[in-house]
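Residue strings, one per chain:
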Amino acid sequence: MNKLTRREFIGTITTTAAILASNNDIVKNLKNDLKQIKKFNEESIPSCCNMCGSQCGIIVKVVDGKVVKIEPNHHNPNNFSNNSEDFFKNHLKEGAVICAKGNAGIATLYDPDRIKKPLKRTNPKKGIGIEPGFKEISWEEALNEITDRLKKLRQNNEAHKLLWFSEDHSFTHIQQDFCELFGTPNYSMHSNLCDTGRKASFKIMMGDERPLCDFVNSRYILLFGWNPLYALKWLHLGRIIPKAMIENGTKLVVVDPYLSGTAAKATEWIPIRPSTDGAMALAMANVIIKNNLHDKHFIEEWTDGFDKFYDYVKDKTPKWAEKITDVPAETIERVAIEFATIKPGVVDFWSGIGQYSNGVYSGWAIGLLAALTGQIDKPGTLIIPDKKGNKHIKVKPDEIAEKSLKAKRMDFGKEKYPYFHSSGVYTEIFNNIANNKGPYKPKIAIIIFQNLLMSTPGTEIVAKALSKLEFVVVNDIFLSETAHFADIVLPGTTYLERYDLNTHWVSWPALGLRQPVIKPIFGQLTEYEFVCELGRRLKLKEKDGNDFFNIGRVSKEPLSDKTKWYEEYLSKELKEGEPQITLDELKKLPGAVWVSKYGTKYEKFKKVISEDKLKDTIIEDKIIYSLKDGKKDKQIGFMKNGIPVRGFFTPTGKIQFYAEKHKEKKDANGKPLKELPEYIERDWQPTQEYPFYLINWKEATHTHTRTQNNIYLMEIKNENKLMINKITAQKLNIKNGDMVWIESPYGKTKARVKITEGIHPQVVGLQHGFGHWAFGEIAKNKGTSDSVLRPAKSCPISGQALHKECCVKIYKI
Amino acid sequence: MDNIIYMSTHEIPLLTKIANYFYLTGISAASFIISSLAYVFGMEKYKDCGKISAIIAFGGICIAPIFLIMDLMQIPRMFYLFFMFNFESPLTWGTIILSLYILNCFLYLYYIFKENKKNLKLFGIIGIMLAISLEAYTGFVLALGKGIALWNTPLMPIYFLISAMVSGTALLIIIVVIKEKFFTNFEIINKIFPQIQNEVIYDLGKMLAVFIAIDLFIAFSDVILLFYSTPENSIVARVLLKGPFNIMFLFGEILFGMVIPFFIFILPKFNKNIALLTFASFLILIGVWFMRYVTVVGGQYVPLM
Amino acid sequence: MIDNLKEKLKEKINRRGFLKVAGTGLTILALQKMLTKLEAKDVLETKSITGKRYAMLIDLRKCIGCDACSVACNQENNVPIGFYRTWVKKVEKGEYNNVRDYYIPTLCNHCEDAICNRNCPVKATYKTSEGLTLVDYDRCIGCRYCMVSCPYNVRFAHPYRKTVDKCTFCVHRLKEGKLPACVETCVGKARIFGDINDKKSEIYKAIATNSIQVLKSEQNTKPHVFYISLDIETAEAGKTDFDYMKYYRRDIKKELGVNGNRIKEQYNILKGISEADRKYKHQKKLNP
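Residue numbers (this note's numbering), protein chains in the order written: chain X, 492 to 1304; chain B, 55 to 359; chain S, -16 to 271.
Because the hints were derived from the structure by calculation, they are not lab data.
These figures come from a predicted structure and were not determined experimentally.
Warning: the hint list may mix true and false statements.
[Stated by the list, open to error] Simulated crosslink set (EDC-like; lysine to aspartate or glutamate; CA at most 16 Å straight-line):
1. S/262 x X/1158
2. S/236 x B/65
3. X/1212 x X/1229
4. X/557 x S/248
5. X/894 x X/1033
6. S/247 x X/1035
7. X/885 x X/1035
8. X/584 x S/185
9. S/106 x S/121
10. S/247 x X/1268
11. X/907 x X/1158
The shape of chain X in the complex, shown without the other chains (with noise of 0.2 Å):
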């Protein structure tokens, strides 16, 4: 008896055991074999990222017709280095690198809140915080409203009331053109919000708009403003920087408020009041003529008004500059002779200049720095872009379209801005929409790839314009805060769905392409293609009868493909350009990117000018115009001692240290310009009441308001905390991760605070680009968003909103 329930209890353990254990093992391995039989459709396409704006090389792999891996394309320079000798040296070997918001892309493509059909406004107020009742139509009746509402413009000879906002990289061509054969002369992009208060420094200053920094040769740099190692825009900056630093014992300074991501790195991190840069580059300046350090052969040959600006300087010692800026004497003295004596050196500024009142000065007594030292457009300076691409082929619009395009713009353009960027100017135009002012009033928007209400400064008064307006049109990918103003809302499209030309800003010509490595997954129309459709419905053709939208310009045939006419557009941009190849061409190049065999060139304004191109051209006051239909058209060159040579594009054709040429011009406000880059304050400075300088950045995990949806990025930061020095939170009786409330005189907000000691005590920032009340599950109320504290203010010179110019008190709730 015993020894049968024994075996048996033996034996019954070990079947099952054998049976449970197959089910598991054996079996499950099977499976997995056959799995691996299966093959899967793998491709690897190259394009261009979009997650930022810097359209860096990628090679996206796709299986079975979904994206799973977006990799570095090593082809490409805006990944590895903007000096040529460098990438073509070691580009295969190195490899080339992607951001962490490159890398997100997979989920800004698969968001599943991606809007994904157009959809109609039912309720007809407009409001933030107020529900449109969107209800989803068919693309037909989207276009087909559209179609009418701007045939009936164009029939009352109102075209021009025609607005049209655009990013300033993807599709501009087709939209610019569109706007021309509209006939409205309202196209803006992007750029006015970024940087045009740089580009009007610097077109001063040498009258090239984007100088860049040669920093793989560089020994000492100097950046005030800037941070390029978490704007990251561009990666070989992210190479760079690191790079020069450790291999070449480069000693990197940056002047800053906060310690931003580059100052944390930096060899030495100068703490400085906001705005006030351009005293410490005067007193710096100063320092440099007193100890016999400038370059006298430089500044004798090719710069204009030396002696008037030495005149001025005199006086602007670094104590004087001290008692502005808060830096110390001693090492604006020590900066001084470092950058002078440690050759060769390159100073840089961006946006934490250029985004305040007095930037455009600022920047242009900065910039001269670099004058005085004599390093321009030499290894391992500040170098003139040698930017060549693919080329915008004017169109010739109609009669009708031509009538109002000599309308105004609705920010009165060149008129009331001297250094007018054509990107317009933003604040204005929605200041004169909400105040009933400007030259008319317009009745259609079409905004495509913006956020306005939080990207421009001074969200009530954008409210405020765009519900005064008939009919908007919102072209976007996820239901944003300006979306919910509009009246029809378009699915848009991300950078893997579409095509764009990228010439990209290196130190010698380099195009890459971004082409559709998939179809647009919810079968949108890319936004070239309702540009397009557009066109074809209103039958806008151009002066000589060519019916643009329809006719393919290269073969000259009609096309009912849009996606094929605008390869054929594409294709023809690329051949008139520098590159010269058609768009087939380009895709079977390596990493699809066109590079130029001739490198990086230094010393391009010593260039003389040959006999052939001296044949079109024009001479007025020693300046050489080129000639276009018998006009003068652009600056080419000067006669220096008899000899044509390229020169600076400025009116003397040399480096201006005195613009003699300001004393016509009138900025915005009707004050005259000033022709020395004179220190002026800017306009708000801080009260009793408002007490501290507020202040924003980029950091390297978010694009600006457009990745706060995308759940890699959010994973790594989900908030934006408001950053207090140490002493100043103490005497404010405010501790970490408390919430305050951020008050200036034009509205106040809600922030969590983060105590650090790497911002100056008077100051207080946070990360740009947060505080959604729309666009997504993840985006919706996280963080602040800092644009309802400031005015819809911007620079009079250039028309560069003022994102950073802001003085606010902070308490506890």
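Given chain X's structure and the hints, the job is docking chains B and S onto it.
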């Protein structure tokens, strides 16, 4: 250094279920050892409560693995523990010891009711060794996870063993008292389990007092040495004494779980009062559970990176 | 007495009984062999080229704390939201105005003498002959003992696959001759990866010519992720302060304001087709 940004969620891996498992195996092993005092070492006066404690031992060890298995993320794969061994891992030793101990417990109980003294002694001796290893191996499981400062001490196996003895004895006292109080009228129960005199309970109480004294001593020396050791060890001791676990440790485990019961069992004024002794045993049971929880969860509380 | 015992043994262990016991024992052994044989048939052959030892070197002077490595790893290996295989710890040190930020990227160190390998009860985590510590997803029972043993806290409990997971040095990419995802994407070019037994490799040169530190060397696990310019004070920061222990354990659902479905949705987008899921099967167990 006011600014540290952590990334991962760093969830605590081992939580209440593991603490419960340690608790129940402790009770089971201790009950077995007490039962073996009677049947193996021949202390006749503990024979009757030896029967009860043998049942507690078997019951405890049947419930304990349930917690262990529920804690696994892949429950159907629990059979892998029996096929795939890794003799360097304390969990494998535990599997072997636990399986053999369950078997042994069953056989021991069987032979108690069969009244087969020879086999009983055999399985009793094997059982004592298995019971001690059962409780000690749980200590080794913690001690060999050497990343955690609170656990990486040779005191762990002994600490677990002693507190197991404490909890086992306390549970036995409670069950004996309940049986005497409420179940004397049932014929069946009186036939199988003869009546137990109060003196037995007092003797158990004296044993318990000795165990508590040793337990307190080990706990004290562990915490004091941690406190005055390297910074990592010191912070762990501070978590127990001043940090988030201080109430559970100081009040739950030490004061109510050990000190007050100790005095109840020692002082002649109290230690003849059955009701008070039962109350003290309840406190001990709760205190020992807190000890397991604080050791398992509190040890993992401190960030390692 | 002995004869008696002999008799008794003879009784008990008669032929049938003996055969029964021996039979069951043999079946168990046979089953185990069968199972191991099936495991040995791996599609992703990890043929060990003897003598390779993979390691990583992180130059903290070049790390800018941009978190590109975390996101690249997340999409390459389809790591669930809330968990990281590699992350960057950021610490601010100093007082105004002498302040700097320190960034310490952390990942599994693939230790030579790993505690996790020793402690796994089913040998689901093992060390390959090239030095990588890997987890066999078909074998892990989810007891989480390795998670508790790791002194660096780099392992996490995968909520959907129900096993333990950690950095694998992107072993599926190493097979194709590519670098791990975090190394390829590193913006500051701080991460260097390679075979330290190859005297001509970049990593060997960097280790030989620079001052190298490792994390927690006193644990004696012989980690193979090396750091240049590791500041011990910032690496140890936060472990001795009760205020920071709260931040150590994040509640990702509360932070993002979403429920578990949204998080699972992100995992399902790449489930089965992410780079790691397609190419690495975690089936073979090397070095018995």
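Hints versus structure:
no.: 1; hint: S/262 x X/1158; verdict: violated (63 Å)
no.: 2; hint: S/236 x B/65; verdict: holds (13 Å)
no.: 3; hint: X/1212 x X/1229; verdict: holds (10 Å)
no.: 4; hint: X/557 x S/248; verdict: holds (15 Å)
no.: 5; hint: X/894 x X/1033; verdict: holds (14 Å)
no.: 6; hint: S/247 x X/1035; verdict: violated (58 Å)
no.: 7; hint: X/885 x X/1035; verdict: holds (13 Å)
no.: 8; hint: X/584 x S/185; verdict: holds (12 Å)
no.: 9; hint: S/106 x S/121; verdict: holds (11 Å)
no.: 10; hint: S/247 x X/1268; verdict: holds (15 Å)
no.: 11; hint: X/907 x X/1158; verdict: holds (7 Å)
Violated hints, listed in ascending order, are 1 and 6; each of the other numbered hints is respected by the structure.
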